[in-house]
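Asker: Following this note's numbering from start to finish, the sequence shown increments by one per residue and tops out at 930.
Since the hints were made in silico from the structure, they are not lab data.
Note that beta-carbon positions come from the ideal geometry of N, C-alpha and C, so glycine has one too.
Fair warning: there could be bad hints in the mix.
[Stated by the list, open to error] Derived CB-CB ranges, DEER-like: (1) Lys913 with Gly815: 32 to 42 angstroms; (2) Thr901 with Asp880: 17 to 27 angstroms; (3) Gly905 with Ser817: 17 to 27 angstroms; (4) Lys915 with Lys851: 30 to 40 angstroms; (5) Lys851 with Ser909: 40 to 50 angstroms; (6) Met900 with Lys851: 36 to 46 angstroms; (7) Val891 with Lys924: 17 to 27 angstroms; (8) Gly815 with Arg865: 16 to 26 angstroms; (9) Met789 with Lys845: 38 to 48 angstroms.
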Amino acid sequence: MAEINIDATNTILGRLSSYAAKQALLGSSVNIFNCEAAVISGEPKVVRDRYYYLMFKMGQPMKGPFRIRLSDRFVKRAIRGMLPYKQQRGLDAFKRTMCYLGVPEEFKDKKMTKVAGADASKLPKLKSITVQALLKSLGGKA
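Whole structure, please, built from the sequences with the hints as guidance.
Answerer: Laid out in structure tokens, this is it:
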């Protein structure tokens, strides 16, 4: 079983999530670092309004659904959306993925990779918002 270490800095969240989900389904252990620096593409106000609706206008305030406002858990939830997590193989793949804020001390010397084709700087005139900025505007902690 291989271990894949991914740096999420300036990486589009959807492409990162699909790549991580596919690698986890293939049996690799996937570690994602710097989750707060991942990017969601789109007009920042539109993205914020969409998540604001999901968090505060949908469901019942005391019964849920409760949405996550921590960057690492937010990214892990996006990966879960790409997995068949209600089946055993999807659940096992979900357990093989780990997301981190920053880079923990035990992984400082490990080699990190970037997801090919998911870099946000290569797309022309891309309007985007980082995961950290989005969650901070929705009441999350920095």
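Asker: All hints, please: hold or fail.
Answerer: Here's how the hints hold up against the structure:
1. Checking the proposed 32 to 42 angstroms range against lysine 913 and glycine 815 shows it holds: the Cβ atoms sit about 38 angstroms from each other.
2. Distance hint check: the CB atoms of threonine 901 and aspartate 880 are about 22 angstroms apart, consistent with the given range 17 to 27 angstroms.
3. For glycine 905 and serine 817, the hinted distance range of 17 to 27 angstroms is satisfied, since their beta carbons lie about 22 angstroms from each other.
4. The hinted range of 30 to 40 angstroms is satisfied by lysine 915 and lysine 851, whose Cβ atoms lie roughly 35 angstroms apart.
5. Roughly 42 angstroms separates the CB atoms of lysine 851 and serine 909, a value that falls within the hinted 40 to 50 angstroms.
6. In this structure, methionine 900 and lysine 851 meet the distance hint of 36 to 46 angstroms, their C-beta atoms being roughly 40 angstroms apart.
7. The hinted range of 17 to 27 angstroms is satisfied by valine 891 and lysine 924, whose Cβ atoms lie roughly 21 angstroms apart.
8. Between glycine 815 and arginine 865 the CB atoms are about 22 angstroms apart, so this pair conforms to the stated range of 16 to 26 angstroms.
9. Hint check: methionine 789 to lysine 845, Cβ distance near 42 angstroms, so the stated range 38 to 48 angstroms holds.
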